[in-house]
Amino acid sequence: MNIISWIMEGYNIYILPSYILTLLCIGFLFIRSIYQSKKAKNLLEKLLNSNN
Amino acid sequence: MFDWLANPNRFKKITNKLEPLLMVISLLFIISGLYFSLFDSPKDYQQGDAVRIMYVHVPSAWLASFLYLSLAVSCIFYLVWKHPLADLISSSIAPIGALFSILTLITGSLWGKPMWGTWWVWDARLTSMLILFFFYLGFILLHNAFERKIDGSKSASVLAIIGLINLPIIKFSVDWWHTLHQPSSILKFDGPSIDNQMLIPLSFMIIGFGLFSLYLIIINVKTKLIEKKCEALILKLNLKEIL
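For the protein sequence lines, the chains are A and B, in the order given. Heads up: the first sequence at position 18 corresponds to 18 in this note's numbering, and the numbers run straight through without jumps. If you want this note's numbering, it's the position in the second sequence, counting the first as 1, plus 1000.
Among the hints, erroneous ones may be present.
[Unchecked claim] Subject to a maximum C-alpha distance of 20 Å in a straight line, what follows is the list of computed EDC-like cross-link-like pairs (lysine to aspartate or glutamate):
| id | chain 1 | residue 1 | chain 2 | residue 2 |
| --- | --- | --- | --- | --- |
| 1 | B | K1043 | A | E45 |
| 2 | A | K39 | B | E1227 |
| 3 | B | K1113 | B | D1123 |
To be clear, the hints were calculated from the coordinates, so they are not data collected in a lab.
Please model the entire structure based on the sequences and the hints provided.
The structure is reproduced here in structure tokens:
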């Protein structure tokens, strides 16, 4: 894969940000979901312990 | 079917098995879709390499619309049949759909600048997609605006159902009005007018994004189920302290 293929006729300044932004958004959704899930699980565990 | 799935325990049992499978399959589709769309698909004879933006723009647009349809259907289930999971499903879909609709607008702008010479035009397709994003935002804000959660859920559900009118406008705007946005080239009565070399990577991305969204929705619904359990436990603990 040479450098020419990354220049994409000069359209790389539009193409690459599109892909990077899309992947960042998907990554953000994934990390946010996992973080919230872990947070909720920890809270449930604490509450269950204090209930016992 | 929905009745059967509406049982939270049964939902958890099924999705526990489905979750890792969805994650792996969606990532495989996305990674291979990325490879095909960036390196293996041909240039367009008019747009050149800029056509590659389509492989992230179109899946985002389709998902933004499809997720809104799913959100509105679960709102109907919530309002009419009072299914316990329906509200959790719609509130889990909303942030994902909102992000895909804003992605559609941004990637569309990034394609519009080199092709149309402008980042934005008040074209029917672009404007209706912006309205879809506002409906998502409205749903999220309304859902969290009330002190009593049930009030928020009901009013947000009504808004979501009203917003359904926007979906056919998005789809047919390019046929009903003379727009700068090109007409549909995949979902057509006489079959897709796009070459298979482009259709295959596009399908890979659509399937990958779709499955990944489903995976995220499942995680979010399960998180909300745990949060409900936590709220019930906090109430129980508070009652114990009072008594």
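Now the hints, each set against the structure:
Taken as a hint, the K1043(B) and E45(A) pair is broken in the structure, with Cα atoms around 54 Å apart against an allowance of 20 Å. Of the pairs offered as hints, the one joining K39(A) and E1227(B) holds, with about 9 Å between alpha carbons and a cut-off of 20 Å not exceeded. Between K1113(B) and D1123(B) the alpha-carbon distance is near 14 Å, which keeps this suggested pair within the 20 Å criterion.
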